[in-house]
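S.K.: Listed here are the chains, written in short residue letters.
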Amino acid sequence: MQNTIKPSGFKIFTNRVVTYFRKPQNAILLVLGILLTVSTVAPMISILKDSVSVHVGSVDSHYTGLTEGYTTYNWVDLFTGRMAKINLWIPLWNSVLLSIFACIGSIAYGGTFAYLVTRTNLKFKKYLSSIFIFPYIMPQWTLAVVWQNMFNSRAVTKTADGLFASVFGIAMPDWWCTGMFPSAVVLALHYAPFAYILIGGIFRNMDANLEEAATILNTPRWKTFLRITLPLVKPAILSTILLVFSSAMGSYPVPHYLKLTTLCTKYVEMGAKRAGQASILAIIMIFIGFIIFFINQRTTSGRKSFTTVTGKSGQSSEVNLGKIGKYAIAILFILLTLFTGIVPIITFAVETFLPNPGDYSFLTKGIAGNMTTKWWLTAENITESGLYGQMGLLYNSTIWNAFKGTLIVAFACSFFAGTIGTLTGYSVSKNRHSKWAAYVNNMAFLPYLMPSLAVGVAFFIFGSSAGIFNTYFLLILAGTIKYIPFASRSSLNSMLQLSNEIEEAAVIQNIPWHKRMFNIIIPIQKSSIISGYMLPFMTAIRELTLFMLLCSQTKIITTLLDYFDEMGLYAFSSGINLILIVFILICNMLLNKLTGASLDKGIGGD
Amino acid sequence: MKKFLAIILSLAMMLSLVSFTAFAEDIESIIQQAEQMTNEELYKKAIEESNGQILYGIGNSSRGKTAGASFVEKLKSIDPNYTGTIEWSQPKNNSIFTTLNADIKSAQHIYSMTLIQDGNQIQSKMVNTGNLLNFIPLDWKNAEGVDVEGAGNPLTLQTLNKVFMVNNTDGTAINNAWEFVAEGSAPLFMGVNSELVGKNFLYMLTHEKYANYMKAAFDALSDDQKAYFQPIVDEVSADADALGLTAENAAYSLAWIKLWCEQYTEDTDDGPICATLVSKSAAGQSGLLVYSKLRSIEESAESSVNNVVISAYQDDYVGIGGYGYRHYLQVVKTAPLPWTACAFISYMVTEKEGFAAWGKDMGGYSPNPAVMQDHSQDGFVDGVDTFPAKNDRGYEWWVAEDGGQLVIEDPEYCSMVSFDLGDWIDMIVGNK
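Protein chains in written order, with this note's numbering: chain R, 1 to 606; chain G, 1 to 432.
In short, the hints are calculated from the structure, not lab data.
Bear in mind that the values here come from a model prediction, so they are computed numbers and not experimental data.
No false leads were slipped in.
Computed list of lysine-lysine pairs in BS3-like fashion (alpha-carbon distance at most 27 Å, straight line):
1) R:Lys23 / R:Lys526
2) G:Lys65 / G:Lys141
3) G:Lys65 / R:Lys374
4) R:Lys374 / G:Lys360
5) G:Lys352 / G:Lys74
6) R:Lys526 / R:Lys593
7) G:Lys65 / G:Lys360
8) G:Lys76 / G:Lys360
9) G:Lys105 / R:Lys49
10) R:Lys404 / G:Lys65
11) G:Lys432 / R:Lys85
12) R:Lys123 / R:Lys593
13) G:Lys360 / G:Lys74
Far from chain R, some chain G residues (derived; all Cβ distances over 10 Å):
14) Asn81
15) Asn175
16) Ala227
17) Glu248
Don't be surprised by glycine CBs; every beta carbon is placed ideally from N, CA and C.
The task is simple: from the sequences and hints, build the whole structure.
M.R.: Below is the structure:
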């Protein structure tokens, strides 16, 4: 008689677990799943709690008579009270419109540019590609300040004349100077490079076989574009919409400077007397983000997975713009980027030599002597030198300490967010049909749906209770969580295009995971992965909204820059902007030299 | 298990409550002792307590950093081995209250003292809750000319004034406070919700004393001007009753507030407002801004201090000349270094070097005359009165009824009227 040995249930279970975790992507998913759940859900709970908490000195306490505990007063009053229209409905309407316009503008401008650079024989690609990303390098509100300096006028905005009014005597209308139009334009210009990077990355990596097949079959170019090219970049366009919509909705400084009331500006305004209701505004922003997110999920749920990067060689074909067209369109973009990239830098530079902020008398009166180097070279702040108690840029330890602080935060955020995001993208792409992978992917993306200000508040509450307020640790923590989506989206988009066959060939050869990553996956998807590190880095360097509640104004360069802008000390803020731009360009150049990649080169800058 | 958890949680809560209360009581008792000490004694206590440590201060004025460095030097002059430092932070916008409250609630307290503005919120969020504790230094109390009752609780570091200025390069003359809200006028001003002391100014206008000023200025208007403003006064008089305002002439103030809120041109700070106002292209423009901003204007072909006049300095001007708000010094009830906090506060309000960071400029007035610097001839260059607008006439002149008629912030009054009147103002600003 033959005896059958039955393995114990425990043994089977442990074997299954061990087998499951032998795949690195599964282990990564489990760890990231737990980490991301805690770090994204906790802030949401804290905001929800705050919306029903009693705040002493606020309306909820005053009108309910409570000094502690919970109340529904804030919800009832915000939606139905006498201030509902002013505190909720108008800001909400403006926020939604602003986000829509910013999406349309950035995708139209950035997407068109991406197509022209990657898929056509446009001239001056290298120059244009580099200059196009300038608005994204600069803190977003600096373009708003430049806008004010250009178009304000005594006749319309009741301020001193800006450059346009001083030099040409033209007073632009009010709708042009303040409110929705300039806010939408500035945000669209700011996020257009973002669309360019995301959409351009796909355009560049796209195998042209499908398009060539269509060409061979005599399909018209427009039909090829609509039926083949556009569907292939649809995931990138949707990612861009998601990111730009949420970012625009969570933008505080641009509408603040250009005087548009949005949920964000209202959030800051209401903090003093209606703190709980301000939290509800944050919840509404998150809720809108969720709606967009689910729309995206529905739209892409039926989408096929396009493997466009295979082991076979693929060359993308260039569309011929014609002999004149390739120059004419290039010149048009050179002019456009002149105003979005070069003019702001020139005005920043000039501003640091003006005797008083906005005093262009050297230009309007033609007196060269009305320029000064005091904003750079003043080495003391005892005597009154017209610097409002500050030392010159080169000697101002506050500025350089803040710059050092920003570097610490940006490098750390870039490293952690880039690594976690890349691993998320890789693991999710390897388990694309797993529900857990989908969950981790969603959790990694959720922080982006939360407006920066709301995340800032949540981390502020957390940081204060943990005794880490005003520390680099808190800034890095908040930055990492917020920027993971940059890397995870960029990584996932590219990993989904990567055929499994490539890695499987190495698995058959028993090549260890880390070698597969460093020798196969990363080199192939270098440009997307580097984008995943560079985007958090660049965003952290010029981030304000997320960090402004987490530290003092002198801790990092953007809070200090905003301080100088608010104080009207444009020479300092312009000087800091110049330092930031030069620094990022040097980083990009070094990266290019060392790894052969750069933020724009991966797309079309080469 | 559930019972066990409940017991543990209750014990933890009780323990934290007890330790929290004990903390506050300790600090209060230290403050009581400190109030009996001279500066010398306080400095010794501070050296003992904070040698090798960092005192964290938080304030609405960045100059606290300069004062902190000066204080550390003072302690070093007493004990050369002293190695303590002061870390000063200036949080953004209104977040100083949130930051302080969060610090007080946290397990690990950071801040020992604060230099804080906005009497309304200080009263409702900090004083009424006991989160900030007042400390009156002995040397300050005994100093000659100090109004202990008026400036002692909360302890005032200084009163800053924001004054009406007019760019008169095109001959514009504004002779009455009501003309700032005349048809077509759009004075430059920081948004009432971006700097809340501006809103406190509007609250204070409804106080009996200042409502009477407004009425007196109204009476001095021409008949045509009165005919323009009277319907607005009539329109809001019902609101004055609904808002519970008791001043007889509150309707005049409300009318002025309504027009002001509808018409002012908002800017982010007094710095850009000043830079705009002194430029030639702003001819005819007016503004309500911090007086001391004039100090940093560099004369050029486009900008000059002489392009503006201080309204209240004009002989035929009638009405309020601006408003005054205060910087208060307080000890945090969970201060890790309370003795040093008290010593630092005392240093700032009693010693000339302690107040020098603020005292060097016009427009800032300490309640202690001993630390004040004279700015009555700041506009003189080589003995010649070159920039009359810079000659500060001093606190007494500014607050006098026959002088600058400065509207001074009263925390209690502001906190009393702020909720309903605040919404009334927000409705006007929101519907602009």
